[in-house]
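The primary structure of each chain is shown beneath.
2 protein chains.
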Amino acid sequence: MTETETETAGHARTVAAPADTTRDELDAVVAAARRAFAITVASTAAERASWLRAAADALDAARDELVPIADEETHLGAARLNGEVARTTAQLRLFADAILEGSYLEATIDHPDGTTIPPRPDLRRMLRPLGPVAVFGASNFPFAFSVAGGDTASALAAGCPVIVKGHPAHARLSARTADVVAGALVAAGAPDGIFGHVTGHETGVALVQHPEVRAVGFTGSLAGGRALFDLAQQRPDPIPFYGELSAVNPVLITPAAIDARADDLAAGLAGSFTLGVGQFCTNPGVVLAPAGAGFGERVRAAVDGASAGPATMLTEGIAAAFASGVAGLAARDDVEVVASDPTAQQVGTGSPVVLRTTTAAVIADPGALFHECFGPSTLIVEYTDVADALAAVRAVGGSLTATVHAQPGDELAPIVEVLSEVAGRVLFSGWPTGVAVSWAQQHGGPWPSTTSIHTSVGVSALRRFLRPIAFQDAPHAALPPELRDGNPRAIPRRVDGVLVLPGDARADADATAAGARAGHAPAAG
Amino acid sequence: MTETETETAGHARTVAAPADTTRDELDAVVAAARRAFAITVASTAAERASWLRAAADALDAARDELVPIADEETHLGAARLNGEVARTTAQLRLFADAILEGSYLEATIDHPDGTTIPPRPDLRRMLRPLGPVAVFGASNFPFAFSVAGGDTASALAAGCPVIVKGHPAHARLSARTADVVAGALVAAGAPDGIFGHVTGHETGVALVQHPEVRAVGFTGSLAGGRALFDLAQQRPDPIPFYGELSAVNPVLITPAAIDARADDLAAGLAGSFTLGVGQFCTNPGVVLAPAGAGFGERVRAAVDGASAGPATMLTEGIAAAFASGVAGLAARDDVEVVASDPTAQQVGTGSPVVLRTTTAAVIADPGALFHECFGPSTLIVEYTDVADALAAVRAVGGSLTATVHAQPGDELAPIVEVLSEVAGRVLFSGWPTGVAVSWAQQHGGPWPSTTSIHTSVGVSALRRFLRPIAFQDAPHAALPPELRDGNPRAIPRRVDGVLVLPGDARADADATAAGARAGHAPAAG
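Line by line, the protein sequences give chains A and B.
Each step along the first sequence adds one to the number in our numbering, with nothing skipped, and position 318 is 318.
Each step along the second sequence adds one to the number in our numbering, with nothing skipped, and position 197 is 1197.
Simulated from the structure, these hints should not be mistaken for laboratory data.
Everything numeric in this text was worked out from a predicted model, so none of it was measured.
Hints should not be assumed to be uniformly reliable.
Stretch-level coverage of chain A by chain B, calculated; a stretch enters the list once three of its residues show a Cβ under 8 Å from a Cβ in chain B [said to hold, decoys possible]:
id, region
1, 76-87
2, 432-439
3, 454-460
Partial list, computed: chain A residues near chain B (C-beta under 7 Å) [to be verified]:
id, residue
4, R120
5, Q233
6, Q472
7, D473
Every residue, glycine too, gets a C-beta built ideally from N, C-alpha and C.
All chains, full assembly: derive it from the sequences and hints.
Structural data, given as structure tokens:
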């Protein structure tokens, strides 16, 4: 790759944005990833854990160099960006812990049994990495959902080489982060080619269509994600496309909750929908609130009290799309502007906008009213009856999250039923911005929030880059260690239908007894 | 649905093939499934297990009525079909056992922790059924991969209503099986609409595109499956399409294995590729054998010895496609006919065909030589060097299975590496026909054998019809029982990263301590 002069001439830069990757360069990066896969597919969890931890350590060490570049490119501020680096490196370390624990392999052993219908041979199953993975990061999390973010961390942890398509909104940061990560991985013993970085729109298209790429992780817009999803599915050999695309994240406030704590709720909403200039995939874009409680005005007061004025958005394009989106909503007869003049957005910035409508308007035209305006806006939908509010929530369609604010006396069951249908994460008395990285996290929901039945955040994100393989009547020495008798890798396994934890006496006993039954000497080939 | 006269006028029938489902009828069936989903999504595993077992019992009871219909329509013979009913009902019962065990829910509890980056709230995650599922059964397994087959059993077990598109090759059996299954399910307490049956090509297209259908299971041809896959992905809201499409199932015989047991191998291959008139998705269609051992002639002798003459195939269309496929291969200069005249296939039947070529020919033109000829044929590819044989296997592309026949002294690692790359099940010293239904089974592999990273046979087939949902800071009473403190459903769960089995004292202790930490009274809402 060649480098061009940086466009921000006012600031001297040591890192310049890379020029678009050529087709030959792309082919070389993918070929290197394919060669690396021959090594990563046979690598141990301990090896990969050490690689991930080395990448995390290197990013932490480079934080003071990387954050200023990120701040210049994204305007998100040093405090937030420092926190995002910590989140990113904690995420890499969590995946290291998870692969060492070993459950993610779903190791399963069925000993031969002539009494089943049909009779079964010795079958041993586990998950295996898919191959090189393409990652398209998001503009709004230049660390945590970008070059070394969750898609990259989970794919590397699974044993897949990664090729990142750098985001143009933070091109210099991407290139520099990629250098840090690739250098740390290889220095820790990972094969050359395990991590590549490419740039350019056409390069991204070619990457999704590349014969050696086996899966894609994507975080971004509905339009861009759908276009790449379609390309992935139209290949001669379709590949999994894990996209996180768009969400309005409905919030339902019950009448009792408004009665009990309207101002607290208004303050909480104001803080959540303006956080990071509203540039969160979990931004609460639609709030169902009881009519007549003046909730909109309370939110306006909270926004005013926080002095949340115009703030620079990630890119001028994002700011322009936000201004156009909120102006379009505000121009409708059935939408009322509660706070700030949506038509007065300044170039490159976003100012908080609060709009109001009714459940009747929403149910009459959900498509027009419920689309993600990426930025600091929220649409308050006033309802008179919880059943109407739930009908409006159903009309929203799929979202990453859905939230209810209720009081102890409220009947939650019908509300939870509807929220569970439209979202992947259901929150109680909280705000959806903020996505913890943990074993139980789910960041993904019905279309259009994501394109798959998996998550892009949390430990089970690993499952996206693995496929099952079963070995039938394999000689013991030909099995991966994870499936051998005696459980040499000490991982949780299912043996003859029974989940067995490492260290459980049953594990070895079962395996030995059944191995003998099957005529397999534990150490013989 | 109206009924038409059966076309087999020579045999009196009490069951007639149904006419094509109209669009209005289809909408009614899907609407009923959607209503049923409101009940099945909240049903307990115990309820669904009793429904599955009732369906199994009803099918067993109806066997003597169903098998004669199946034999007339498929010509597969009563012995095979009786066995297939037993397999089908054992499969329904295995899924009942699996959902009672509960691991399939992936229940995961993370208690609040302010020390993580970012801090985490109380998060509890499990899997939830997707909604109504469309099932397209196969022609070649009229019970086990059809109306009440693996796709149906796993979807029902997951909590999804099922709408089967009946296969025209066994239309009367499909309709009658559907009656038995639907009746048994509802009699056992399942909601009306949990099981529907529709017919007609256009109906199938409309079913895949229906807004209320949330996933598709399909077993059939590459062309038909690809067309429906494309429709599913082109929807405004793409849905998962689980297709099992096409496989040539390569078999590699090492020189040492040929030296040790050439005639046994020839007999085994002859038995496997002619089983069920070769109409198995796991038919060994390509066999890599050492040159100069006369393996083809040994296979011919084994076929001749078994007197495997022409046998009626499932449909005249399948027989015609088989005749055309093998004739096309036989006409090539680089393919030699070893057994039977491929151009002399009789209408409606298949006669065993053994063809022979070389690794050089295969590597020069893999696309032409490696495509599934659905029927009793096998292509022996002679090699002089195992490395050439492995290059040919790589050229085969994705398959359901890959097999090696080796001897104790053979170096297996490089062979297993390549077989693992192309297939979902790797067999040692066996034949791929015959797919046990168990916890460790994997029936699915790289494209074009299947369209997903999941399996269509075995317990983990459940995962295809579930999506994750996480509850954040939920009041205890609003949680599904599977995620409540104290583990009232007694299922395996992961608590704060640690896998805990029911009955393990740690389970309740952890949950209670952490529940207190989180301020959740175990029984309070």
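Hint-by-hint comparison with the structure:
no.: 1; hint: 76-87; verdict: holds (count 3)
no.: 2; hint: 432-439; verdict: holds (count 6)
no.: 3; hint: 454-460; verdict: holds (count 4)
no.: 4; hint: R120; verdict: 4 Å, holds
no.: 5; hint: Q233; verdict: 4 Å, holds
no.: 6; hint: Q472; verdict: 4 Å, holds
no.: 7; hint: D473; verdict: 5 Å, holds
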